[in-house]
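Novice: With these hints in hand, go ahead and build the complete structure from the sequences.
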Amino acid sequence: MGLSIQKVNKIYQSGGTEFHALNDINLEIEIGEICVILGPSGSGKSTLLNAIGGIDQVESGSIAINDWNVSSLKNKQLVTFRREMVGFVFQMHNLIPNLTVYENIELAANISEAPLKIDEMIKAVGLEGMADRFPRELSGGQQQRVSIARAIVRKPKLLLCDEPTGSLDSNTSKEILTLIKQVNRNYNTTILIITHNQAISQMADRVIKLKDGRIDSVSVNDTVYEPERIEW
Amino acid sequence: MTLWKKLFRTMLEKKGQYGSALLLVIISSMIFYSFTTTGANLIDNLDQFFQENNVEDAQLTVSKPIQDIQSLEDKFDVKIEERYSKDVSLDDNTTIRLLDATESINQYALIEGARLEKKNELLISPSFAKEHNMSIGDSITLEGKSFTIVGKMAIPDYVYPLKSVSGFITQPENFGAAVVNESAFEDWSGAQLYYSIMLNKQNQLALKSYINQSNEIIQWTNKHDNNRITFIRGDIQGIKQAGETLPIGLLAITIVIVMIFLWRLLKKEYVQIGTLYAIGYKKAEIICHYVSYSIIIAALGSTVGTILGWFLMQPLLDMFSVFYSLPVLTIKPYFIYVLASLSLPIIFFVPLTYFLVKRVLRTPPVVLMKGGELKTKVNILERKFNSKRFSFSTRFKVREVLRSIPRVTFLTIGVMFATLLILIGFVTNDSFNYLVNDNYQKVNQYNYEYLFNQIRTTEPESGQIAASASFEIENKDNQTVVITGLKPDNTAIQLSDLAGNSLSFDSVIVNKALADKIDIKQGDSLTIHNQLNNKTFTIKIDHIANSFLGDTIYMPLERYNQLNGYPEESYTKIYSKQKLNIESNLLLATTNTDSVIKAYNQLVKPLKYMVGGIALGASVIAVIIIYILISLLIDENSFKISLMKVIGYPDNSIRKLIIDFNLWFVLLGFLVGIPVTLSSMSAFLASITAKMNFSIPIKVEWINIIVSLVIILIAYFVSILLNQRKLKKISMHEAINRSTE
Ligand SMILES: Nc1ncnc2c1ncn2[C@@H]1O[C@H](COP(=O)(O)OP(=O)(O)OP(=O)(O)O)[C@@H](O)[C@H]1O
Ligand SMILES: [Mg+2]
Chain A
1 MGLSIQKVNK IYQSGGTEFH ALNDINLEIE IGEICVILGP SGSGKSTLLN
51 AIGGIDQVES GSIAINDWNV SSLKNKQLVT FRREMVGFVF QMHNLIPNLT
101 VYENIELAAN ISEAPLKIDE MIKAVGLEGM ADRFPRELSG GQQQRVSIAR
151 AIVRKPKLLL CDEPTGSLDS NTSKEILTLI KQVNRNYNTT ILIITHNQAI
201 SQMADRVIKL KDGRIDSVSV NDTVYEPERI EW
Chain B
233 MTLWKKLFRT MLEKKGQYGS ALLLVIISSM IFYSFTTTGA NLIDNLDQFF
283 QENNVEDAQL TVSKPIQDIQ SLEDKFDVKI EERYSKDVSL DDNTTIRLLD
333 ATESINQYAL IEGARLEKKN ELLISPSFAK EHNMSIGDSI TLEGKSFTIV
383 GKMAIPDYVY PLKSVSGFIT QPENFGAAVV NESAFEDWSG AQLYYSIMLN
433 KQNQLALKSY INQSNEIIQW TNKHDNNRIT FIRGDIQGIK QAGETLPIGL
483 LAITIVIVMI FLWRLLKKEY VQIGTLYAIG YKKAEIICHY VSYSIIIAAL
533 GSTVGTILGW FLMQPLLDMF SVFYSLPVLT IKPYFIYVLA SLSLPIIFFV
583 PLTYFLVKRV LRTPPVVLMK GGELKTKVNI LERKFNSKRF SFSTRFKVRE
633 VLRSIPRVTF LTIGVMFATL LILIGFVTND SFNYLVNDNY QKVNQYNYEY
683 LFNQIRTTEP ESGQIAASAS FEIENKDNQT VVITGLKPDN TAIQLSDLAG
733 NSLSFDSVIV NKALADKIDI KQGDSLTIHN QLNNKTFTIK IDHIANSFLG
783 DTIYMPLERY NQLNGYPEES YTKIYSKQKL NIESNLLLAT TNTDSVIKAY
833 NQLVKPLKYM VGGIALGASV IAVIIIYILI SLLIDENSFK ISLMKVIGYP
883 DNSIRKLIID FNLWFVLLGF LVGIPVTLSS MSAFLASITA KMNFSIPIKV
933 EWINIIVSLV IILIAYFVSI LLNQRKLKKI SMHEAINRST E
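Protein chains in written order, with the working numbering: chain A, 1 to 232; chain B, 233 to 973.
It is possible that part of the hints are untrue.
As the list claims (entries may be wrong) - The calculated lysine-lysine pairs, modelled on DSS-like cross-linking and capped at a C-alpha distance of 27 angstroms, are:
#1 744/B / 455/B
#2 123/A / 155/A
#3 616/B / 117/A
#4 958/B / 76/A
To be verified - Reference listing, derived: stretches of chain A covered by chain B, where coverage requires no fewer than 3 residues with Cβ under 8 angstroms from a Cβ of chain B:
#5 68-80
#6 83-91
Said to hold, decoys possible - Chain B side only, calculated, beta carbon under 8 angstroms to chain A, not exhaustive:
#7 627
#8 630
#9 964
Derived from the structure by calculation, the hints contain no laboratory data.
Treat the numbers as computed from the prediction; the structure is a model and nothing was measured.
C-beta: ideal position from N, C-alpha, C; glycine also.
Specialist: Below is the structure:
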């Protein structure tokens, strides 16, 4: 059980040439872990995350999460998989501008069988009293909190974060990471975080380094720090 | 140069959208050019024909032949010519009217073949020849005498070959005109003699009373009351008017579409525009670049459309000239219309797009470089709307609508226009059907109407007597009207008021056609002038009848005779259910209602195809408009759609939330379209029939409204289907990679 990735290859065709974005990736991640993915730009981090989340499909190999064999799912099943299993948090600005905070979260809750209470979610991410605001009336950090609330309102087993603090200052980043840590603790959610910030790996149970589409190294941290205590 | 490459690349990327806009311009230019030019050519040919061949100003029938034509002409400065006419039956249902070849008034024009030379030669009207498979060289036998058809002709007083001057439907399979030499009439008895006159207005009254001193005018028909002469002009005017207004509506819609394209393009390219500035492009060059998009669509569309219009004009012209028995003397391309057709789209497009681009470029380059103002503003309505009473999907959809009010408004207007186009055909069809099949039949309960050429006093063997003549109404632009005197117990004609109560003939009744035209109400009084004997009298209107054919007033026969100074119990008309044996030399005209209705149904057969054709064209336009708008909607919402896909919405739930609510606006457009069509058609038909002696009540059958609705719905679903792939193709990466909407 957990997340198991075996011999995964992802090849992009562009202009007649093939590009190996993921090359024979093997990876095991356990339920409830926080896992940080590091690597230079273009090393395949986002590609890997999208494949795990069922946004992209891979050429060969298998990706399995709990009972789901993601790599063999057809389009319709992938939709169901994303709906039942995955929450996404991206870098920035991916709230729908003409929906209020409440409604942005509701957008995700709406297609879930038993979502968490939206008002409680808003409280939990520290946005009490802002339910009726529109995204442009929020700061970057506050917007990212809404994203997280939207991602976890359906109690996903897997929370995939692609550079969640990429455009935030260090204090705000810490607050967001603390929130993510809380999610992990409260719901036992498995969390994958892509980052360019080496320091963030201090809060991870497992740290994966990618390079040129291959796994460069996997290490398990002995001491895991609370996000507030990370040294930047 | 590089900018041009970019322009074509952008257009090719969105070929569905730009192609559709182009198609709309082509269609509108094609309709504009072909219809206006056909109309103008027909009218010009008609005018030229009337002038060169001396169309009469009036025709009159008198009780005894006029002896001293020459002295009358001199005395009143008019031209008078004798006209012989004789109706000969070819078979039970077919009558051919022989007219003599005149020398000065109503000269015939040869369309094909040779001019008349011998006594046994004959020229025939083309529509009749076509209907009866007659060709030049054939011979036909008329009352025992053999004639050779030597050619086809047109005569000014029969361009619209009606059997009676007050008829309204030509029936080429039942009736046609032919011209023979005057000498052919010498061997015949029973030819009618009447007189064609070209006069100047001032002398009309004097001339009439002079003739009445020694003779008696039985009938006097002015040119503008002669449907054979006037009808065709109204018809053509209608074609021309439709050809002018419809394309302009279409162009207006297209320009809005193109503006939306450009607006979107500009927004997407803020950064590029800012960069172009930074590289050193001048404002004018950038404006020129973006305006080029609309210039290309306008110029290409209008050129192709005008060329196609030219090719469409020829068959249209052929069709109408046969239909009207009109010689096509010259075909002109009408450079003014070529110019209008070519430049109208550009005149429409360029200034508007210029202002649009200019407005956008008012934003300083630095702001542009940063991507301009993000489209994250919410308007007041969106802000005000915040009710948790509704379900999420309802709230979501309401927000979508509030966010895109201009687009849904435009969608509504577009569908309304398409509905108008579809319904025009149906309304025309249903209105004429009502007029003839319903109204005409209900009002005219007789089968035969015999009009005598003399006032009669001897009681007829059978049938119901009546009297009627043409009068002028004073102070109402001298509107002419037929007044029919009926016995109070008459049953040949049945009238009801607008509420449906039947009316009896002991009162003065005005029909709706006339009441609308001169704008009178129940209780008003009219001063009537008798054109034949110059008597004037006043009558009060007791009722208005629900009847539309002919501008007619009905009154008791006794009072009619008394007011006009005619003998008591005299009459000029007999209505009968059965065919009567009346000597034809006593009669001016015979009308058989069955053949009128049959002729009408014959006439509307091609109309049905036309209605179908118009509906088809309109639904194509509807598909294009709805397709473009839905396609734009998907483009504009691609970020949202992408994000929803990531979150786990399947494609059809996304469609339900983002696209399907448009159906309500399609339905709204349709509903608004119905009254808009009815009122604009009623104005349109009123303007056409203003100079004719009937009006057309606007009617549309429920079934045809439903058919139109189905067509609109099909257009909507086809557009959705065409856009389905576009929705599918939106990648989830868009939500991930794009940082701004
Ligand atoms: N659609 C595509 N077509 C072709 N190549 C692609 C495509 N998407 C990604 N790539 C390539 O695959 C490689 C991996 O991309 P990926 O987005 O996974 O990198 P990354 O590690 O997330 O980089 P960054 O840290 O900059 O986000 C890159 O070299 C990229 O150019
Ligand atoms: Mg990345």
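Novice: Run every hint past the structure and note whether it holds.
Specialist: Against the structure, the hints come out as follows:
no. : hint          : verdict
1   : 744/B / 455/B : holds, 23 angstroms
2   : 123/A / 155/A : holds, 16 angstroms
3   : 616/B / 117/A : holds, 24 angstroms
4   : 958/B / 76/A  : holds, 18 angstroms
5   : 68-80         : holds (count 3)
6   : 83-91         : holds (count 6)
7   : 627           : holds, 7 angstroms
8   : 630           : violated, 11 angstroms
9   : 964           : holds, 5 angstroms
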